[in-house]
Structures are given as structure tokens and as C-alpha cells.
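Number of protein chains: 4
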Amino acid sequence: MASKVLVLYYSRTGNTRRMAEFVADGAKAAGGNVTLKEVENANAEELLDYEAIILGSPVYYGSMAAEMKNLLDESVEFHGKLDGKVGAAFASSANIGGGNETTILDMLNAMLIHGMVIQGNPAGDHYGPVSIGAPDERVKKQCRELGRRTVQLANRLAAGAGRG
Amino acid sequence: MASKVLVLYYSRTGNTRRMAEFVADGAKAAGGNVTLKEVENANAEELLDYEAIILGSPVYYGSMAAEMKNLLDESVEFHGKLDGKVGAAFASSANIGGGNETTILDMLNAMLIHGMVIQGNPAGDHYGPVSIGAPDERVKKQCRELGRRTVQLANRLAAGAGRG
Amino acid sequence: MASKVLVLYYSRTGNTRRMAEFVADGAKAAGGNVTLKEVENANAEELLDYEAIILGSPVYYGSMAAEMKNLLDESVEFHGKLDGKVGAAFASSANIGGGNETTILDMLNAMLIHGMVIQGNPAGDHYGPVSIGAPDERVKKQCRELGRRTVQLANRLAAGAGRG
Amino acid sequence: MASKVLVLYYSRTGNTRRMAEFVADGAKAAGGNVTLKEVENANAEELLDYEAIILGSPVYYGSMAAEMKNLLDESVEFHGKLDGKVGAAFASSANIGGGNETTILDMLNAMLIHGMVIQGNPAGDHYGPVSIGAPDERVKKQCRELGRRTVQLANRLAAGAGRG
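Residue numbers (my numbering), protein chains in the order written: chain H, 1 to 164; chain D, 165 to 328; chain Z, 329 to 492; chain Y, 493 to 656.
Same shape as in the complex, but just chain H (with noise of 0.2 Å):
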């Protein structure tokens, strides 16, 4: 039974479009049943279909883009729906102290709100990828890994579900 996962990102250069793709690439090899999409095809709804989402933006001033927040903003028709769901970000800059790891707080932090279930990682980008322009083969693995982890918390959560 795998477990849905959706990546949506913003991307206008492509950079955090690769990302998104390397991310999606390693929740398939993990198993998950994956659907990429970017945010303006996407809409609050479509949320509440999967078990795990991850979001994917470029560094505007130390946060998402309005694009990715103006979806965040309209989720709260759900408020409360997505609890305990597994969330995760991932983040692409043009600097290295550039905003990258506050931008994906940014994410995170909303998910929290949701009262979503998120995981750091202790080994590379911690609090999510980060890619400093375009994404190279450092950025990849993370991306990967990032997709890996995310498939394998949901499947554990879903495993558990009711025999907490």
C-alpha cells in the first residue's frame, strides 16, 4: 500500500523545478505513489488526497513565494484536516546565507500550524535541501533523500495508524 505523496513547488528559473523532480525521483524509488505539480495548477482541496507534502519554493526575501502562500492562506477552509499528515520543504537560492533555511522554516512552520508531522535530517541540509543557484550533484543526493525519508515516515505513520 504505498503511501501518496505530493511534491508542488514554484519555479521560475527551474531551479527549484529540478529540485522538485530529484525529490519526486527518490519518493518513487522509496516506494511512494507520486504526483508532482506545480503550485498554479494546484489548488487547497487537493491537499486532503495525499498522506505526505512536500513544498517547494524559491527564496523571496527569507520566505515562500506568494504564489506557494496564497495556497497556504487558502487551506485554512481545511484547517484541522490535514493533522497529522507528514510534511517536509526544500528551498533554492542565489546565496549562500541568502534566506534558504528561513524559507523552508517558513514551510515547515505552516505545516506545524496544520498540525503535520515533519522530520529533520542529521546528516547534510538539515532543516531541508538547499541549492545555491542551480542544483548540483550534492543538491541531488539531498533531494533524493529528502523524497526517501518522506515516503518512509509516511509509511511507518500509516503502518502505526490505529494501533497507537
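Hints listed in this document are in silico derivations from the structure and should not be mistaken for laboratory results.
Every residue, glycine too, gets a C-beta built ideally from N, C-alpha and C.
Check the hints yourself; a few may be wrong.
[Unchecked claim] Here are some chain Z residues pointing at chain H (derived, C-beta under 8 Å):
(1) V404
(2) L440
(3) V445
For chain H, the structure is supplied; the task is to place chains D, Z and Y on it using the hints.
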């Protein structure tokens, strides 16, 4: 020579608007030349016209409303030109631990990325005024004080410009 | 098979201690095998013995007390071994906008870096319980709920382990 | 009349120390009267002697080292007396997404709570310089620039004092 101050806010319920009015009152009482405006009626270019910019937003999933974020995203066209201006922020929330500090810091971080100058307050709400529900007397005082301190800092920077 | 839960706190005035007791009560009521401990009496190695770790600190300049941070700094010796455990946090502050959210997120971020699993709460204090001054009935309820939800998540993860 | 600047750091591997030296060099080149000091050799009262305080720490679990936090915790004795001073921060990390921004913001938040004045940088590392491993030329430039901008801001505030 009064510092030009913009108080820019987004409000649906009216709580953030009332905070904005209190902030504007405090800034005027301190001698500021104050413009109070809803973000829907503003554009990014206007930010260049002020010595100090104070942003206010309701707390939506732990960060500023998409409407406010949209203006900041568009301000990238003027990146570098806000360097050295004064910034400040305030937020209106439903709960005590509902994301109000993260919302204020979300706006302050954006201002830091623009190179702006921000100041905390050693008394009361340290990062910026927080209202839980409708603004009460405590919040009114915090907001007026934010207006006052912002004008004071802007004046001090203006007086010191070119003499540093 | 009850999940082992550690509630670890630092307290000078007693406010954080009372919060810790409420959290422990909630965790026990949910069937957890709970240990309540002051950070001065704990060492980093003990963290390995629990399925869930809940940290509580007063708000000192927007982040956890140095005494709590010291234990986390020492936990680097066991880096990687807390991966997959459940984490949660709470804080006690003097003011509403006094740094309580940043203090809780400071502890949660440390747990994410350890690879731990955290969950927000869609109702009430989203990131973790916040007390302004001495804990009142509202805070008591938030704390008990944090204990309950943490045990529930730990149980679910334990039941799903190896089955994901 | 040169502004008095304190560069205060904690360093085990020497990476943060080298950053501190670069920051101090930049501040001196800008005409600052600079003191460079390890946090182990400083006490909270000394903070009162400077117009600008720049803190540097390695990234330990997403926030400043306990040794630095301890000094800030002790600074509560002088709460209110740092109001209006200039603050800045930098951090040294092992990974790109390893918690370096959250560490810098941890220190900046503490300074805001003291009522201090901070400024971001529209170019490069926006919140403060970040080194991934040993400082390279990029980091050296960012650190020198932080020193320069901090002195410039302190001078401007000093020149404008009492004239705002």
C-alpha cells in the same frame, strides 16, 4: 524636517487595521510625516519614498498574508535601493502561541534582506507588537510606542547621514 | 507496550517546572511511561533511552536557557542516534511577544537537526505551549494536550516501525 | 570620534576565530576602535562599554554555542542599557543547510530583545556572514564588509544622537 513614515497593512477583520492606526498615531505624535495605507492600494515603487516603513499583517499559517508577501516579492525590482531605511513590523493573531512572532520576524527578515535597519524594544513585545484578537489597551500602547521609536530612529539616522 | 517519554526542563521561578508537570500528567494519562527531570540532573547519553523527548525552558533573550543548550551541545557525541525519535517543546515567558515562539522553535530546530520527528497542533499554541507568567488553566490544557499528542505519535511510530 | 566596537566570538576549531579577525579588520579599516575578544574572557558588564557589538559563534544544533548564550543570559542584569546600540552577528557551520541562518538570527533576536539596532546586507549573506567549513575568500569579503557596515551605522547613529 519630519521623517517620512509609511504604515502599510493588510487586514480582513479590522484588527490589523486598528493596530496600524495606533502605530500611525504614535508616529505622528513623535513628529513623523505619516502615510497610512492598505497594501492593496500600494505598489513596490512607493517604498522608495519613505525613510521608514512599518508593515502589519494578520498571522496566516505563521507568516505574513500572501497579499503582503506579494508586494515584497515585487520589490525585488528595487533591490538595493532600500538599503539603510528603517523597518518595523507588527502582527495580529488568534492565539497566544499562534505564530505571531514568526510572522513579525518574517517581515523583519525581508527588510534585513533589503539592507534595512531594524530595532527591537527591550520592554513589552520585543520584536514588534502582537495582538491576540482585537487590540486592547496593552496593544494600543505597544503600537504607539513602535510608531514613536521608529520615528526616533529614522530621525537619528537622518541627522547622522553623511556625518558617520 | 508504553512509549518511554522524557520531559526535561530548566526552571528558576517554577513556572517552567509547573508546565513540565502538566505535560508529564498528559503524557501519563495517555499511557506513556514518563520520566520528569531537571536538565541539571540529566546528561546527553540519557536521551538515547527514550522514544520521545519533550524539552521545556524559560525564554531567555528569545531562545532556550544556556543550561538546556549546553545539554544539546553535548549531545553531538550521539549525533545520528536520535534519528526518528519524537520531539516536542514548550516555553515560559514574561511577555506575550517576548520571544516564546522563537524559544520553542530554537528547541524544535535542534531536534530536527538530530533527525527527530515533531508535530504541530492545529488548535491552540501551534508550535508548543506558551505560558505568559505563571501557567493558568489555558496553559495547563495546552501542556496536557502536548503530552497526550506526543505519546500518541510515539506509539504510532513504534507500532509502524519495520512495517513502513 | 571613532565608534567603539566589540567583536566577541566563541571558537573551538578556529574557523569562527578567523571570521572574527576578518570582521575586526573590516571594522578597523572603516575607522572603528575595535576590541576582539573570546567570550570566555568577557563578562556581560563589558557590553555596556561599546557602541556596537558583533557576535560570532559556530553552529551547534541550529543556534549559538551555550558559552555565548550563557553571556547573553547573564546580560539580563543590564537589561535596557543596551537599547539603541548597534548589533550584528556571524556564524560558522559544517553544512550549507546546517543551521547557519538560524544561528545568526538566534543572536540577532537576542539583540533585538535588548533594544539594539541591526541592519541586513542587500548583497551576499543577508542576515550575516556564513562560513561553510574554513573561511574562504568569499567569507573573508563578507566578514570585512560586516565590520565596515557596522562601524558606518554606529557612526551615523552617534552623529545623529540627540539631534533626532
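Structure-based check of each hint:
1. Below 8 Å, beta-carbon pairs count as interface contacts, and V404(Z) has none with chain H, the closest being about 10 Å; its hint is therefore violated.
2. About 3 Å separates the beta-carbon of L440(Z) from the nearest beta-carbon of chain H, less than 8 Å, and the hint is met.
3. The restraint placing V445(Z) at the interface with chain H holds, with a minimum CB-CB distance near 5 Å, inside the 8 Å limit.
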